[in-house]
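Same order as they appear, the protein sequences are chains A and B. Going by the numbering used here, the final residue of the first sequence carries number 477, and the count climbs one at a time with no gaps. Going by the numbering used here, the final residue of the second sequence carries number 477, and the count climbs one at a time with no gaps.
Any given hint could turn out to be false.
For chains that are exact copies, the list does not tell them apart, and a pair is met inside one copy or across any two.
Listed below are the simulated DMTMM-like cross-link pairs for lysine to aspartate or glutamate, each with C-alpha atoms no more than 25 Å apart in a straight line [stated by the list, open to error]: (1) K153 - E468; (2) K333 - E173; (3) K333 - E40; (4) K333 - D33; (5) K333 - D203; (6) K333 - D388; (7) K91 - D287; (8) K153 - E67; (9) K333 - E292.
Note that these hints are calculated values from the structure, not bench results.
Number of protein chains: 2
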Amino acid sequence: MSAGAAGGSTGDPGTDAVRLLPADLRARYRELLARWVALPSVAAEGRAQQATADTVAEELRALGLDVEVHGTAGAPVVFAEKRVAGAPTVLFYNHYDVQPADPLELWTADPFVLDEREGKLFGRGATDDKGQLASRVVALEWLKRRHGGELPVGVLFVVEGEEEVGSPNMGAYVEAHRERLRADACVWEFGGVDARDRPHLISGLKGIVTVDLHVRTGAFDQHSGLGPVVPNAAWRMAAAVASLRDAEGRALVAGFYDRVRPATAAEAAYVAATPRDDDVVAEQIGVERFLGDATGAEWQRRLQLEPVINVNGIHSGYGGPGMKTVLPVEASAKLDVRLVPDQAPDEIFGLLRTHLDHHGFGDVVATLAERPEHPSRVDPTHPWVQHAAAALEEAYGTPAVVAVSSGGSGPLHPFVDVLGLPVIMIGVGYAQGRAHAPDENVRWVDVERGTYATVRTIERWAGLEAPA
Amino acid sequence: MSAGAAGGSTGDPGTDAVRLLPADLRARYRELLARWVALPSVAAEGRAQQATADTVAEELRALGLDVEVHGTAGAPVVFAEKRVAGAPTVLFYNHYDVQPADPLELWTADPFVLDEREGKLFGRGATDDKGQLASRVVALEWLKRRHGGELPVGVLFVVEGEEEVGSPNMGAYVEAHRERLRADACVWEFGGVDARDRPHLISGLKGIVTVDLHVRTGAFDQHSGLGPVVPNAAWRMAAAVASLRDAEGRALVAGFYDRVRPATAAEAAYVAATPRDDDVVAEQIGVERFLGDATGAEWQRRLQLEPVINVNGIHSGYGGPGMKTVLPVEASAKLDVRLVPDQAPDEIFGLLRTHLDHHGFGDVVATLAERPEHPSRVDPTHPWVQHAAAALEEAYGTPAVVAVSSGGSGPLHPFVDVLGLPVIMIGVGYAQGRAHAPDENVRWVDVERGTYATVRTIERWAGLEAPA
């Protein structure tokens, strides 16, 4: 089905209008999202966690699932289960927590009151991740309606409350419940269309190791007249950070690339076939030149397949107006290291420590800032990935762009490598959805197409034809 | 005269008590300093400049000098003059401005009310530089008393109001008034004893070039998932800064050392003879190891004779608690470069620019933060320096430590290299005087000894014996 072939207007200019969802399910989606957006479940602030988990549990129960709210070392996890004899089981991974809403003054309206404007629904969590979860609830109601009032597949939900703070308890949760989490496939918390409105099917996420660096060279700042003899903490941290990578972004840490798994022929082919994005991105973010002068397929290869050491910040000494002729005695920096299979977080952190020691920065203290995440990938040629790709083409009227990996990270590893599931990333997001930012939103056009794609993916997995 | 031979108590424990000043001049010193400390002449804030200049002018007139208050592009300069036929002329360079008083909460008492405690006088400007200026006024009154009621030498004063903001107008002022500033020697604005209570005679100041560095790599910060392709401003600035010097503080800028004038045999001998200081300094400032593992004479050589590129600060990206996986788009750093003869500020700034360009940092913008100062030195074997050394030994009862150069900077160049004067740095300061810091103070014991040393220096210059 071509997206342009469907009737109705979403009010979204420049996109072919679609109206796939039955009107009552569209209303249901809006109602669900309004209810959840009103709960300020900001993980970083520990707000509204139990209340939000409870409403999620209630909605999943209303779908006919058996629901339990599991305590963890952090926020509760909503677990839901309904197995169907003779049918495959689909595990939905989502999260009910959101990013902080500040800066509040940059929001057009209250971030915790759903607001509809110009074919979009605005509010904190609209796309990340409450709007995705609402789409799945609606998709399952729709599936029941299309198949005689019963779910045609088994369904599991794991809805956590700490994704926005690095999912510190998800690995242990999956390990502890691996038997109850047996399934045939996993639908990931996000998915949607890219900057050119093409459906995106991402098959992997990078791992991440976040590191705090700190150095102290004396008891207190000194007058810079002592510069020829007194160590300079600002220089030491600058030099330590500079030593980690070269001007084109390649890591200089010995052994860093040793465990990078070469791309399979299929992965390489998908990367090479990814349509060009760099020109649009360069314009959107005001960058004149990418690292390594990368464009086209090389840009995609770097983004999808290369690990990288990122500097998130460096701070030392005076930064105000004019001058202060001081030798700073303290300096700090923050790094995030994005990993690809089969790099292991612990080993990478160890290599970083060894690098600092061998390069004369034994005094630079490195500590893990947050629990690391392992990299993980799904084979993009897996038949269930291919089923999803076909469903996306049905829903969007254009072939899906299959990416081997996102540049971003998430708790994919326990689902892929512990549970052994093919994980599929489909959903209702789009490039300007402003996840984590003011005016976060989801477009009706994506709710329509994305929810339909989810329905058709599950029908294909279950070997069901779409009803006439 | 041995300092320990004089009577009276200063209340300063651990220092031999001296009482050299006549009681009424001691009272006069206290009165002058109280009056000046009460005027908050903070140059950085442009406060009380005219009022302070006017009271300085009044006191110099009371000495019998002809006084003019000269306008400049900034704060006024107090100029005073009294020539004596057949006698040499001494030019006093001082400043009436002070550093800001904050952080106010770290002061034991009001910084702008002179407070006497434990043999010390506390207040902003107590040692830098109002307490030095007051000592010179009292020294001249004393000299008149010792020599029949008349000044035995010609006297000039240049008292500026912008020393604490880099003396931006002093070079032009000296150039413009070079005829009226003809003299035989200059007494510099500061001087005193070192951390071991030995009189210090410093013969040079370093030049200084202050530089702001800035780099921008795009329109706004990016999610660090784009790290393999998007430039990282924090890394670029860290690498630019790191490239400027090595781990032991040696500059890596090509040509940086080309114009460094080798030490004369006399300079080298004085540096080698400077008593050891590094052990005391290391303990005071909590430094375990100096650059190049320097100790003793090598520590002194570096401090006095080596130019250096200092990093005063570097700032980019996130520095708060936890992590923010961001690629910063902007970064800044501040440098001060300390120069030795014959390095020229303009040339050094040019070499820095060339270095950045040749090392791939053409996008790092470098701008001069403040007006640079040239390095300058006086020949320590100059007879007038030797006269001062002899006077210091008289006043303190211990030989003066002659340093070829301070590690610090100041507007010495126009006085030495434009006016051609031997400049002598003697005064009433000490190592714990807290110049620029809370609880700035001057000790009575140093007021006594330093003022007497000034009197005896001038008598020696004029070929006069001390009165019986």
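The hints, checked one at a time:
When the C-alpha separation of K153 and E468 is checked against a cutoff of 25 Å, the pair qualifies only within one copy, where the shortest distance is 11 Å, while the shortest distance between copies is 108 Å. For the identical chains of this complex, K333 and E173 are inter-copy neighbours only, at 11 Å across copies versus 39 Å inside a copy, given an alpha-carbon limit of 25 Å. Taking CA atoms no more than 25 Å apart as the test, K333 paired with E40 passes in neither setting, with 57 Å inside one copy and 32 Å between copies. When the C-alpha separation of K333 and D33 is checked against a cutoff of 25 Å, the pair qualifies neither within a copy, at 65 Å, nor between copies, at 40 Å.
In this assembly of identical chains, the alpha carbons of K333 and D203 lie at most 25 Å apart only when taken from different copies (24 Å versus 47 Å within one copy). When the C-alpha separation of K333 and D388 is checked against a cutoff of 25 Å, the pair qualifies neither within a copy, at 56 Å, nor between copies, at 30 Å. For the identical chains of this complex, K91 and D287 are neighbours neither inside a copy (43 Å) nor across copies (75 Å), given an alpha-carbon limit of 25 Å. For the identical chains of this complex, K153 and E67 are intra-copy neighbours only, at 18 Å inside a copy versus 97 Å across copies, given an alpha-carbon limit of 25 Å.
With identical chains, the CA atoms of K333 and E292 are at most 25 Å apart between copies only, with a shortest distance of 24 Å across copies and 38 Å within one.
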